[in-house]
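Those protein sequence lines, which keep their order, are chains X and B.
The opening position of the first sequence corresponds to residue 0 in numbering that gives the first Met the number 0, with each subsequent residue numbered one higher.
The opening position of the second sequence corresponds to residue 0 in numbering that gives the first Met the number 0, with each subsequent residue numbered one higher.
Just so you know, these hints were derived from the structure itself, not from any lab.
One thing to keep in mind: the hints can contain errors.
Said to hold, decoys possible - Derived CB-CB ranges, DEER-like: (1) B:A111 - X:L217: 42 to 50 Å; (2) X:A343 - B:E279: 50 to 58 Å; (3) X:D340 - B:A228: 35 to 43 Å; (4) X:Q337 - B:I255: 51 to 59 Å; (5) B:G94 - X:R262: 27 to 35 Å; (6) X:G231 - B:T106: 30 to 38 Å.
Ideal Cβ positions, reconstructed from N, Cα and C, are used throughout, including at glycine.
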Amino acid sequence: MEPVRIGLIGCGGIAQSAHLPAIARLPGLVRLVAAADVRLESAQAAAAPFGADAYSDYRQILARPDVDMVVLCTPEFAHREQTEAAAAAGKHIMSEKPMAKTLAEADAMIEAARRAGVRLMVGHSRRFTGRYMEIRRAIDAGEIGEPRIVRENERRSRPPLGRESHYWTPQHWTGDPAVSVGAVLTNGIHEADLFRWFAGSEAVRVFAEHKTTRPGNLVPDFITFTVNFASGAVASGEVSNCLPPGYPSYHQLEIFGTRGAIRAKDHDQQSLLRFREGATDHPDSYRLLLHVQDAYVSELAQFVQAWRDDRPVPLPAQEAREALRLGLAADESARTGQPVDLTAGGASR
Amino acid sequence: MNRIYSLGIIGADARTRALADRLSPSAPFHAGPFAIRRWAGSPAGGDGDAAAAQASVASVPFAASWREVLDADAVFVAGPAAGHAQAVVAALSAGKPVLCPVPLGVTAAELAEVESAQRGSGAVLLSHSDLTASTAGRRALASVEAGDLGKLHAVFLASRTGPAAGDVLDDLGWEALDFLAACIGAPCTRAYATGGSLFGAPADAVLANLRFAGDTIVTLELSRGLPPALAAAGPEVEVELAGTEAALRVEPYRRIVDVYSGAGAERRHWPARPVVAMLEDLQAAREGGPTDGATIARQRAALGMHQALRASLSALGPVQVSA
Numbered sequence: 000m001e002p003v004r005i006g007l008i009g010c011g012g013i014a015q016s017a018h019l020p021a022i023a024r025l026p027g028l029v030r031l032v033a034a035a036d037v038r039l040e041s042a043q044a045a046a047a048p049f050g051a052d053a054y055s056d057y058r059q060i061l062a063r064p065d066v067d068m069v070v071l072c073t074p075e076f077a078h079r080e081q082t083e084a085a086a087a088a089g090k091h092i093m094s095e096k097p098m099a100k101t102l103a104e105a106d107a108m109i110e111a112a113r114r115a116g117v118r119l120m121v122g123h124s125r126r127f128t129g130r131y132m133e134i135r136r137a138i139d140a141g142e143i144g145e146p147r148i149v150r151e152n153e154r155r156s157r158p159p160l161g162r163e164s165h166y167w168t169p170q171h172w173t174g175d176p177a178v179s180v181g182a183v184l185t186n187g188i189h190e191a192d193l194f195r196w197f198a199g200s201e202a203v204r205v206f207a208e209h210k211t212t213r214p215g216n217l218v219p220d221f222i223t224f225t226v227n228f229a230s231g232a233v234a235s236g237e238v239s240n241c242l243p244p245g246y247p248s249y250h251q252l253e254i255f256g257t258r259g260a261i262r263a264k265d266h267d268q269q270s271l272l273r274f275r276e277g278a279t280d281h282p283d284s285y286r287l288l289l290h291v292q293d294a295y296v297s298e299l300a301q302f303v304q305a306w307r308d309d310r311p312v313p314l315p316a317q318e319a320r321e322a323l324r325l326g327l328a329a330d331e332s333a334r335t336g337q338p339v340d341l342t343a344g345g346a347s348r
Numbered sequence: 000m001n002r003i004y005s006l007g008i009i010g011a012d013a014r015t016r017a018l019a020d021r022l023s024p025s026a027p028f029h030a031g032p033f034a035i036r037r038w039a040g041s042p043a044g045g046d047g048d049a050a051a052a053q054a055s056v057a058s059v060p061f062a063a064s065w066r067e068v069l070d071a072d073a074v075f076v077a078g079p080a081a082g083h084a085q086a087v088v089a090a091l092s093a094g095k096p097v098l099c100p101v102p103l104g105v106t107a108a109e110l111a112e113v114e115s116a117q118r119g120s121g122a123v124l125l126s127h128s129d130l131t132a133s134t135a136g137r138r139a140l141a142s143v144e145a146g147d148l149g150k151l152h153a154v155f156l157a158s159r160t161g162p163a164a165g166d167v168l169d170d171l172g173w174e175a176l177d178f179l180a181a182c183i184g185a186p187c188t189r190a191y192a193t194g195g196s197l198f199g200a201p202a203d204a205v206l207a208n209l210r211f212a213g214d215t216i217v218t219l220e221l222s223r224g225l226p227p228a229l230a231a232a233g234p235e236v237e238v239e240l241a242g243t244e245a246a247l248r249v250e251p252y253r254r255i256v257d258v259y260s261g262a263g264a265e266r267r268h269w270p271a272r273p274v275v276a277m278l279e280d281l282q283a284a285r286e287g288g289p290t291d292g293a294t295i296a297r298q299r300a301a302l303g304m305h306q307a308l309r310a311s312l313s314a315l316g317p318v319q320v321s322a
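Just chain X, same shape as in the assembly:
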């Protein structure tokens, strides 16, 4: 069977660090035939190793009949337009998270894919991460009983001085309040999705506090939120991008159930540590346990295989929509100082 022909839309950081390497690791399954970015040189840099074509307008990719699917590595504010256009062109779509800026946009994306008969999946990469898949398997097997507390802290260092065009800074789109609400969707959407996945239940109430920690930043780069689920479980998550330079990117997941507990804390998995001036990393635990690279390979392979086998995609778009709903509710709570009742239509934007 011929490899699926991919058009990559958006060739920035996540494309370079995750999606392009994933495509390269699946040569028999997929092939990059085109890449587009508003910065043509980025598209050219992405396309060249694959012998693919480069464009500055994504619609040039959609016009090509030899493109079977697109991978959207663009900001969430672009997802609706690009998804609707791709669906209308008959292309299957795998999109980066978060799904969209609003629920209305997310609903429009789902409807566009349904109407066109193409597959749409939002790549919440953590669901394809080895250690989280193992945790979900353990929960499904009843190994810890019923989940009662789900806790995840995701901590990252703030940009070093002098790196002004960095996440959450005004010079970066994630720091532009016109198009971004800050940490709650940029990385907190992972926690929103994991909470729902591990709790195995729908969120009914959320309360959040957020803040902007870096002088000059215009969007919150820190948020902590507490979520009540219909099952009675409670989730608590802190997403922090304000740790000092030198702090590793650390994740701490703990799930306490009625019969046991599961922990996946990066602090505990440091079989190899490197201390350098201004930086600490733990390549072993990062590569072998959090396994980000494999997650992107897995999500792409599963998406393509599901479509070829005429099965539903492994992560329905509706799941990403519900994670977005929870993230937006957390943002609303943090802005208003009040809990948001999700059973009463909260976060219906």
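Keeping the supplied structure of chain X fixed, place chain B upon it in accordance with the hints.
Okay, now just chain B, sitting in the frame of chain X:
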């Protein structure tokens, strides 16, 4: 040769069990110049049998009335929090130095009585928790006080045990809130809590978010959900302080302090010996050490948070914290 100070113990709990171990005549590591003179149950009741049993193990006379222990050189008040203030006020009024793990009182009126008694007597009053007395906890507070962390952006604090009876906000909350009051040093302005019976016992979990003047934000978890394999190692407390200059992570139960700063990372292992540290502080205070001023103010702050979290649990919404 140092003089041996006699210690009267009022109340019984896990901490007094550790104290007895340390001060027993056969203890391998005897904790300073103290010896237990007499032991009694708390004025709040409910721990008389435990106190008698611990006294017996420690070969110490058990007193039928807690007031009988006030003839010691110093008094250690433990047991149910509801009995702390009464015992502390009586001991201070008798002119005795007092060591009382948090809380000193569970209402504003009780704290006022304690403050008044201390001022009237001038006796030493120290209040600690295992967290603030542990070497790791002290390291954290000292780093904050020295400004090593810069401005505190965020604090994460989790305190957990295995399944047990008792309201988790009362049993685990005082220590956590006292520590927050100590390290943040600004008033809490808003508190939100949820939880309840998550693991089968009443009030066995609280998850909370607190905001402080100065914009420090706290994520707090108090729970009794540790499974047997983890609970067997004892209670867990984990603290992470995120500042502008450095981050500091403390796990007293694992005897670890991690510091992350622009200079890299540092991990240190510290001994956990909070009861010994408390006695050392008492000895230092008797010799002209710290006063209780900060303690009372801190406990008022902790009480305000405690009451706000309790109110939030009922209100299903955030509560503004009164000064």
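Each hint tested on the structure:
1. For the pair A111 of chain B and L217 of chain X, the beta carbons lie near 46 Å from each other, so the given range of 42 to 50 Å is met.
2. At roughly 55 Å, the beta-carbon separation of A343 of chain X and E279 of chain B lies within the given 50 to 58 Å, and the hint holds.
3. For the pair D340 of chain X and A228 of chain B, the supplied restraint of 35 to 43 Å holds, since their beta-carbon distance comes to about 37 Å.
4. The beta-carbon spacing between Q337 of chain X and I255 of chain B, approximately 38 Å, falls outside the hinted interval of 51 to 59 Å.
5. The hint said 27 to 35 Å for the Cβ distance between G94 of chain B and R262 of chain X, and at roughly 50 Å that hint is violated.
6. Judged by the Cβ atoms, the range 30 to 38 Å given for G231 of chain X and T106 of chain B holds: they are separated by roughly 31 Å.
Hints 4 and 5, counting from the list given before, are not met by this structure.
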